[in-house]
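Now for the letters of each chain:
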Amino acid sequence: MVQVMLSGPLKAAAGGRAEVEVEAATIHQLLSRLEKDHPKLKPLIERGVAVAIDGQIYRDDWLRPIPPGSEVVLLPRMAGG
Amino acid sequence: MPLDANLDPRTHEFKVVGTRPLRPDGVDKVTGRAKFGADANAPGMLVGKILRSPHPHARVRSINTAKAAKLPGVKAIVTRDDFPASVDPSLRDVLYNVMAREKALYDGHAVAAVAATSAAVARKALKLIQVDYEILPHVTDVDAAMKPGAPILHKDMITENVEPAPKKASNIAGRHEFGHGDPEVGFKQANHVVERVFKTEATHQGYIEPHACLASVGTDGTGELWVCTQGHFMVRDTCAALVGMDVSKLRVTASEIGGGFGGKTTVFIEPVALALSRKAGKPVKLVMSREEVFRASGPTSSTSMTVKVGVTNAGRITGGYAELRFQGGAFTGSPVVLGAMSAFACYDLEHVKVVGYDVVTNRPKQAAYRAPGAPMAAFAVESVIDELAKKIGMDPIELRLKNAAKEGTKSSYGPKYNSIGLIDCLEAARKHPHYSAPLGPNQGRGVAAGFWFNFGGQTCVSLNVNIDGTVALVVGTPDIGGSRASMCLMAAEELGIPYDKVRAIVADTSSLGYNDISEGSRVTFSTGLATINAARDAVTKLCARAAKIWGIPADAVVWENGHAKPSGPNAGNFEPLSLEDLAKKAAKTGGPIAGHCEVNADGAGVSFAVHMADAEVDRETGRVQIKRYTVVQDAGKAIHPSYVEGQFQGGAAQGIGWAINEEYIYGKDGRLQNPGFLDYRIPVASDLPMIDTVIVEVPNPGHPYGVRGVGETSIVPPLAAIANAVSAAAGVRMTQLPMSAPHVLKAMDGAKGGGARR
Amino acid sequence: MRFEAPTTVNAAVKLLAGKAGVVRVLAGGTDLLVQMRTDRVAPDLIVDVKRIPSLRTVSAKAGAFRIGAAVAGAELGEHKALRKAWPGVVEAANLIGSHQIQSRATLAGNLCNASPAADSVPALVAAGASAVIAGPRGKRTVPIEAVATGPGKTSLKRGEMVEAILLPKRPPRSGDAYLRFIPRSEMDIAVVGAGVNLTLDAKGVCTAARVALGAVAERVILVPDAAKALIGTTVDAQALERLAAVASAACRPIDDKRGTKEFRIKVAGVLARRAAETALKRARGT
Amino acid sequence: MMPKVQVSTTINGDAVSYLCEVDETLLDVLRDRLGLTGSKEGCGTGDCGACSVMLDGRVVCSCLVLGAEAEGRDVRTVEGIATADKLHPLQEKFLEFAALQCGICTPGFLISAKELLDRNPNPTETEIRFGLAGNLCRCTGYDKIVRAVQAAAAEMRKG
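Residue numbers (our numbering), protein chains in the order written: chain S, 20 to 100; chain R, 430 to 1187; chain W, 29 to 314; chain F, 5 to 163.
Please keep in mind that the hints were generated in silico from the structure rather than gathered at the bench. Keep in mind it's a predicted model, so treat the numbers as computed, not measured. Treat the hints loosely; a few may be bogus.
[As the list claims (entries may be wrong)] Computed cross-link-like contacts, BS3-like style, restricted to lysine-lysine with a CA-CA straight-line distance of at most 27 Å:
1. R:Lys-617 / R:Lys-831
2. R:Lys-464 / R:Lys-831
3. W:Lys-47 / W:Lys-89
4. W:Lys-289 / R:Lys-1175
5. W:Lys-78 / F:Lys-90
6. S:Lys-61 / R:Lys-596
7. R:Lys-584 / S:Lys-61
8. F:Lys-90 / W:Lys-47
9. R:Lys-708 / R:Lys-678
10. R:Lys-553 / F:Lys-162
11. R:Lys-576 / W:Lys-285
12. R:Lys-977 / R:Lys-1014
13. R:Lys-819 / R:Lys-628
In isolation and in its complexed conformation, chain S is listed as follows:
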């Protein structure tokens, strides 16, 4: 099980829950589980999100494995200048 911290708009879409648990070994599995469990997250995830694993921010990396016990945070997608 992965503990996923939700931040910003994603927290609101998950009914205000700051943390949810899902079964996932990769970012892809994580996102598809979240979409299933929390339909309101689907449009936001489709629009683009980033996933931080142990402090490293991944913007598009479906196949990135999620090591057991790692800290996982779901963030809005970000871009710079």
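Position chains R, W and F relative to chain S; hints supplied.
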């Protein structure tokens, strides 16, 4: 060496990385040969011009182009009707910004365009186009736009992320909340709590090269586009969608780019030029005037912010709260989310909360500007931190050190930090002679810290070994600040050959795989990573060729100092083969030798900076002058130190302009009053002192050499550092940007009258 | 649109007075070309006066100066005698724009563009300079302050052009200065400008003075009361404070993108005082 | 159709003749008619200096000069600074000191700096900063540009 091997830049002896060679595009750029956006021409080329709305908010009832079409020399006219009725939702706002639909939403919004045989004819034709406007009430101020009863831009705009969802449309696109703990609890533990409201005006990236492109669409529907952009692959994909072409049928070449700073990460005139060219069946050159750049390309947000921070007498920050209100122009997407995420990112806080509101107004759609959203948020937060330091009589760097984020700190935007360099920067700043230098009369010193994420992204690099042992490096990220030099350095480092044996070019969209935009301080990080991996791929192949020649297994060959060598005595005794030897034999040992890397580079390391500014205030006129300035920033590893320093200095200079003079000024009529370099005042050489730099190197574990992006962080601290300096010199806390003379004089007079002391 | 570059004043005046509709004189072109580009004027005829020899020279006779209408700011700066006699006028002229602009911009153009913020005009008005105007009915000489009548408007009649600017002979112990406020250190239009010209007697008492202000009214204004504040005094601190107060009181500015009324009124006094201090130093030869 | 003006002038030492519209600027002529695109248009109103050229030995914004005015004059552009085999010391120092990032303002800076050093071979930092105030750079913060000009001045004084 394995592809994922990381060198420790603190112990590894680099041969060429870290040196300061001349840039490969240098001679062309000092002799006038370099070709920028407006420097290309084509046979039979037409001149394109765009008609823009003079009204900040108006329904476009009809557009009559009949008279203009009859003018001799006019070859094509396009309006909203020449673009698809519907596009992918993610591109809708881009399309409606490129060419107004039902409504013109800001002064300068494009409504039609012509292509003609000369600029004079095109200008005349624009005057003959009749647009029937129904003028609507407008709003340009962020606070006014949020008020009930404000003119509504989009009748379908329901504020996102609010439960329950509002019933009525408003100008608030979304509410975004970040943080952890409960600031109210934190404030109860504080000895001092300061709450202030801050305002900043919109500023423009101010690149000296106006947007320019040359489009050519043939009768067979294939097209070519020459354009100054930070991302030609993005331009290709976006334009193909907006004008309805197959991506494969559009080839985009990135010209040399005359500055971007985020402002050239989207499209404005490119789809229009393509539509005109397709309609006219001739090449069309479209170049924005400086006035158009200001009125119709993206500045950053103007903001209104409330910040509240509590601290104990011992200097522990117990809680932080901020409400950020950013207007991002006529469409959703102000950088308030990034502002909210970065506002308190420098601090290790138990209780922190930031709420951001994304607001639309009748202004041009904002575009990314260097660390979008972060400088304004840092201005507000770092000003309050400075005020608290004075309240408890603590040195401002000391207060920041006591609360600085470090490895393992839970960031205010969620994740825990891994290896970061904020404390190193603060220590370096405190040690710097500038920090202890005496101040003159009417002078004040300000310090501020700043944070930026830095990004990676999709990157594709090819490295071709030429017959003479030189190397052609092919990248797909436009060079906006000397990156070709850094790429050559990294390739030379890996191959073990001299810098001048490697030549880097930026390939067009048909010659290389997709590359994300040169944005988010990503190029040296991600294109660098891809270049290193492409070089290592080439080395593997070179070793295999040597093994073939010697008739020994490939894994018995190692690469050292530009030569293939047997890995040891029992591998056999052979003369090392140089890159040149192997290149010469390539045809006979299996054909061309090339290294490649296709990667979605994630793992860019966040970075921090600390700036120091000395400001002098003329007490009789309010005029502010920056007398001394120092930038300290973590670069992870500086590949070409001169261009790292250049990024530090350039960001600081833009910040100085933002803090003191730059601002979008709108009249009551909703029209931009200063769309030119005369009254939109970017710093000139005589406004600035030398800008001292200190490069701190705390390696980024996500990059083989430890590189962190450096392009954006340098614009985050200046607004606050200068505001803190001016507040100290003027004896009154400055909470509004720009700190132009009338504002400062008024504030000082107010303070005399018993106003808020600093 | 036609372009002509006559070589005599008479030929120029003929063209200006001719039938062509909208006619513009082209000297430095630093205002005209910007107005053309931004569609504020579309001339039918442009008359380039830079090929008229008498308009390209600065001549000194018995301490007085005649500055041809097409002499560029940079050329004024290089004229040692002029700089020595009228440092305030020359520094005002040299404040107009960058080196690039200085290579082109002229006093006459700055005057005829009739901007209330024109940098050289307050200095010329304070100096008591006059303009030689050539026209179909011959020549007339008028005080500088009589040329501009309002923003972009002058008292020149159709067919007339400024041929030269005249600066009078300096009495001994005289000095002038011009100061302006701009947000940057260069490349800006004056938010407020102040020109001061004064003469002292042997005892150091001010016997004559002229004070002019820019960008605080619809045109550059001469402020006689400000001059009175100096005349008869040794230009001491008290006189300077009085000067500042009177100068501020004489302002009738507007709020615009470059500054507020409040700011202009306050700073006009400050600059008048500071300019007077510089003029005083110069008059004393210190 | 407007009557065109016939102009004969000297550009970078070569005799050149062209036809241009009355309202066409020298910058337009250089870029669009003569293919000398080294001079850039950043504003078209004389505020940025990217179009700087030498006209009869003085630096001007070519966007504020009519093509018709160049009759019989001497025009020098960035394309004329280097010789066939050697860069001008200013060009060398701009590269050595990394005084350019994007490079769009560089031609204008080189022209202005050259004129500045011709006038004043040993300028102070302040003189350099005010001398170059008519040229906007948005990338560098001017620091490295000023240092490059100082170094080039030293080099040129050595002769």
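Evaluated hints:
no. : hint                   : result
1   : R:Lys-617 / R:Lys-831  : holds, 19 Å
2   : R:Lys-464 / R:Lys-831  : violated, 51 Å
3   : W:Lys-47 / W:Lys-89    : violated, 38 Å
4   : W:Lys-289 / R:Lys-1175 : holds, 12 Å
5   : W:Lys-78 / F:Lys-90    : violated, 37 Å
6   : S:Lys-61 / R:Lys-596   : holds, 22 Å
7   : R:Lys-584 / S:Lys-61   : holds, 24 Å
8   : F:Lys-90 / W:Lys-47    : violated, 55 Å
9   : R:Lys-708 / R:Lys-678  : holds, 16 Å
10  : R:Lys-553 / F:Lys-162  : violated, 55 Å
11  : R:Lys-576 / W:Lys-285  : holds, 26 Å
12  : R:Lys-977 / R:Lys-1014 : holds, 11 Å
13  : R:Lys-819 / R:Lys-628  : holds, 22 Å
Going down the numbered hints, you'll see the structure goes against 2, 3, 5, 8, 10, while the others check out.
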